[in-house]
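Produce the entire structure from the sequences given, and follow the hints as far as they go.
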Amino acid sequence: MSTLTYVYADSMAVLGPLSRAAEPHSYDLCTKHSDRLSVPQGWQVIRHMSLGGAVDPQQRAR
Numbered sequence: 072m073s074t075l076t077y078v079y080a081d082s083m084a085v086l087g088p089l090s091r092a093a094e095p096h097s098y099d100l101c102t103k104h105s106d107r108l109s110v111p112q113g114w115q116v117i118r119h120m121s122l123g124g125a126v127d128p129q130q131r132a133r
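Just so we're aligned: 90 in my numbering is position 19 of the sequence shown, and the numbers increase by one with no gaps anywhere.
Each hint should be verified, as a subset may be incorrect.
[As the list claims (entries may be wrong)] Okay, the calculated beta carbon distance ranges per label pair:
hint, residue 1, residue 2, range
1, R91, Q112, 28 to 34 Å
2, G113, A93, 26 to 32 Å
3, M72, S109, 15 to 21 Å
4, A92, I117, 18 to 24 Å
5, Y77, C101, 16 to 22 Å
6, Q115, P88, 15 to 21 Å
Worth flagging that the hints you see were computed from the coordinates, not collected in a lab. All residues carry an ideal CB built from backbone N, CA and C; glycine is no exception.
Next comes the structure, spelled out in structure tokens:
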């Protein structure tokens with residue numbers, strides 16, 4: 072699972088490890104959808120890799 076955020080001013084989508092806390096303007100994606108992510112023409116995708124263990128979605132702060 073991954074968390075997706077957008078930086079509209081920079082035409083950038085950032086995909087990183089699942090966030091531990093819920094953030095307004097971020098979207099949690101399953102592995103299938105994070106692997107298939109595409110962005111509008113002219114945008115770039117930054118993919119951050121997690122070096123630690125996976126975050127259990129049930130353990131996230133709400």
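A quick look at each hint next to the structure:
1. R91 / Q112: 28 to 34 Å: Since R91 and Q112 have Cβ atoms about 33 Å apart, the given range 28 to 34 Å holds.
2. G113 / A93: 26 to 32 Å: Distance hint for G113, A93 holds at roughly 30 Å.
3. M72 / S109: 15 to 21 Å: 18 Å, holds
4. A92 / I117: 18 to 24 Å: At 20 Å between Cβs, range holds.
5. Y77 / C101: 16 to 22 Å: 18 Å, holds
6. Q115 / P88: 15 to 21 Å: This hint holds: roughly 19 Å between Cβ atoms.
Against the hints set out earlier in the document, no violation occurs for any number.
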